[in-house]
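Chains R and Z are the protein sequences, given in the same order.
Reminder that position 225 of the first sequence reads as 225 in our numbering, one-by-one numbering, no gaps.
Reminder that position 181 of the second sequence reads as 181 in our numbering, one-by-one numbering, no gaps.
Derived by calculation from the structure, the hints in this document are not laboratory data.
It is possible that part of the hints are untrue.
Covered, in the sense of this in silico footprint (three residues per stretch, anywhere, with C-beta under 8 Å from a C-beta of chain R), are these stretches of chain Z [claimed, not checked]:
no.: 1; stretch: 94-107
no.: 2; stretch: 222-230
One-sided and incomplete, this derived list gives chain Z residues near chain R with beta-carbon spacing under 8 Å [what the hints assert, rightly or not]:
no.: 3; residue: 62
no.: 4; residue: 63
no.: 5; residue: 137
no.: 6; residue: 152
no.: 7; residue: 153
no.: 8; residue: 184
no.: 9; residue: 185
no.: 10; residue: 205
no.: 11; residue: 237
no.: 12; residue: 244
no.: 13; residue: 245
no.: 14; residue: 246
Straight-line C-alpha distance at most 27 Å; calculated DSSO-like pairs for lysine-lysine [as the list claims (entries may be wrong)]:
no.: 15; chain 1: R; residue 1: 97; chain 2: R; residue 2: 72
no.: 16; chain 1: Z; residue 1: 223; chain 2: R; residue 2: 245
no.: 17; chain 1: R; residue 1: 245; chain 2: Z; residue 2: 200
All of these numbers come straight from a predicted model, not from anything done at the bench.
Note that CB positions come from ideal geometry on N, CA and C, so glycine has one too.
2 protein chains.
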Amino acid sequence: MTYCIAASLNEGLVLVSDSRTNAGIDNVSTYGKMHAFETNADRKIVLLSAGNLATTQAVLEQLKRDKLKDAKININSVDYLSDAANYLGQVSLEKQKQHLDTEGQSAFNPSATFIIAGQIGNEPPGAYMVYAEGNSITTSPHTPFLQIGEIKYGKPVLDRFLKLDTPLDEAARCCLVSMDSTIRSNASVGPPVEMLIYRKDSFRLDEYYCFEAENPYMVNLRKSWESTLREAFAKLPPLMSQYAKPLEPDL
Amino acid sequence: MTYCIAASLNEGLVLVSDSRTNAGIDNVSTYGKMHAFETNADRKIVLLSAGNLATTQAVLEQLKRDKLKDAKININSVDYLSDAANYLGQVSLEKQKQHLDTEGQSAFNPSATFIIAGQIGNEPPGAYMVYAEGNSITTSPHTPFLQIGEIKYGKPVLDRFLKLDTPLDEAARCCLVSMDSTIRSNASVGPPVEMLIYRKDSFRLDEYYCFEAENPYMVNLRKSWESTLREAFAKLPPLMSQYAKPLEPDL
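If we strip away everything but chain R, and leave its shape as in the complex, we get:
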């Protein structure tokens, strides 16, 4: 399994991904899921991937080749991030189809999902989630983040906290807590945790972090978060006994 987050906010982007890959619970490996393209100077584009590792590797390889041979459509030729997402979706579909038999069935699940994020030219930064079916969605002002992989454990904290005007550094901490919650609750998501903060119009990918399991900052963040939660519960309004009543047996 995998867990990746992309927050697309007024100040720019926060991308976070785990590094655990498993083929069954007894075959666990470490693979980074955050990949950056070497591109023309007018753009910065980063991919996050989830799903079948063979498919994601084949897709990445194809995108790299298309770029190197300057194919008609490639990551340097597209003018919009949404075009990049469509192109990625088509390549992904193509790679998945290679594993279907004549009846359109596959002996395994070759599906993969991606997040493609970055900034091209004068367009604002953005992020798109590309489904296994090849279509894609982007963020909205009410939901300024995308998730792929094991999304449920880490969603409430993003739902409650991330707004368009959240400062990038706070959003980064929120995404790290979301990731930490998921790692704690699901053994198929694991460190190292990669994080990239991209500031709007900077066209620089120089705020990249790779946190190993015992990285002192992550340990500190987790402890601080848990002690804060403990205080938070103590401060929540006490139950009001006027609402209490007997539970009437119905069986």
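Using the hints, position chain Z against chain R.
Chain Z only, in chain R's frame:
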């Protein structure tokens, strides 16, 4: 969908359940999922249910009939909560099997899961989760809670906070936050939220709450929690720039 929690702690039990049932997203109804038995004075037993509504209703009906006709095994005859869980599992299997064809297949999914919780005689209070397959598990000192239904959204806050020695009132607030997070993130889980606090050796079910969507306490709890989270993120340790480095393009 459904979400139910049972926390089994030193001071007693906290049980929380939602009330939304849906057959497809366009057929949503309100059904309570917390049911108490009218029993002999030496025990208090409460059920939480998730899954196919026809199955859970048939199981509850059977348990009630067995008790009324004083069957050989019934909710008043068992000496241990684990025996009650086994009995419930057998009845559940039997009801599910009625919907299988001769090849053991069903045109729909009749499965259901239950939590049975309470206290019998001199035994300590406890809780068991009964799987659709009829077997069951209980809590442990390291994992003093059980969940059924849509469990993932609300799990991290329980994982981080609930310990055996958590006071019941704090545990109740924690379970309500877990439920509120799930309601917020998943439209198939919804109010009213039912909660029962059972204090060890009390043999009383008189701390029962039923919170409608706009119940002032729940509104207050949600607001208080969100503002506390906001402060918590502001207080988390700032990212340490010495860990930042450029993300090297690999594509």
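Hint-by-hint comparison with the structure:
A count of 0 residues in the stretch 94-107 of chain Z with a Cβ less than 8 Å from any Cβ of chain R is obtained; the coverage claim is therefore unmet, three being the minimum. A count of 6 residues in the stretch 222-230 of chain Z with a Cβ less than 8 Å from any Cβ of chain R is obtained; the coverage claim is therefore met, three being the minimum. Below 8 Å, beta-carbon pairs count as interface contacts, and residue 62 of chain Z has none with chain R, the closest being about 10 Å; its hint is therefore violated. With a least beta-carbon distance of about 6 Å to chain R, the hint placing residue 63 of chain Z at the interface is held under the 8 Å criterion.
With its C-beta approaching chain R no nearer than about 17 Å, residue 137 of chain Z sits outside the 8 Å limit, and its interface hint is violated. With a least beta-carbon distance of about 3 Å to chain R, the hint placing residue 152 of chain Z at the interface is held under the 8 Å criterion. A least Cβ separation of about 5 Å between residue 153 of chain Z and chain R falls short of the 8 Å threshold, and the interface hint therefore holds. Annotation: interface hint on residue 184 of chain Z holds; nearest CB of chain R at approximately 6 Å, less than 8 Å.
With 8 Å as the threshold, the beta carbon of residue 185 of chain Z comes within range of chain R, its nearest partner Cβ sitting at about 5 Å, so the hint holds. Using the Cβ-Cβ criterion of 8 Å, the hint placing residue 205 of chain Z at the interface with chain R is satisfied: the shortest such distance is roughly 4 Å. Given hint, residue 237 of chain Z at the interface with chain R, holds; its Cβ is 5 Å from that chain's nearest Cβ, closer than 8 Å. Of the supplied interface hints, the one on residue 244 of chain Z holds, with its beta-carbon coming within about 5 Å of a beta-carbon of chain R, less than 8 Å.
With a least beta-carbon distance of about 6 Å to chain R, the hint placing residue 245 of chain Z at the interface is held under the 8 Å criterion. The beta carbon of residue 246 of chain Z is positioned within 8 Å of a beta carbon in chain R (closest approach about 4 Å), and the interface hint is therefore held. With a C-alpha separation of about 22 Å, the suggested pairing of residue 97 of chain R with residue 72 of chain R holds against the 27 Å cut-off. About 25 Å separates the Cα atoms of residue 223 of chain Z and residue 245 of chain R, which keeps this hinted pair within 27 Å; it holds.
Distance check on the hinted pair: residue 245 of chain R and residue 200 of chain Z sit about 18 Å apart at the alpha-carbon level, within 27 Å; holds.
Violated hints, in rising order: 1, 3 and 5; the structure is consistent with all others.
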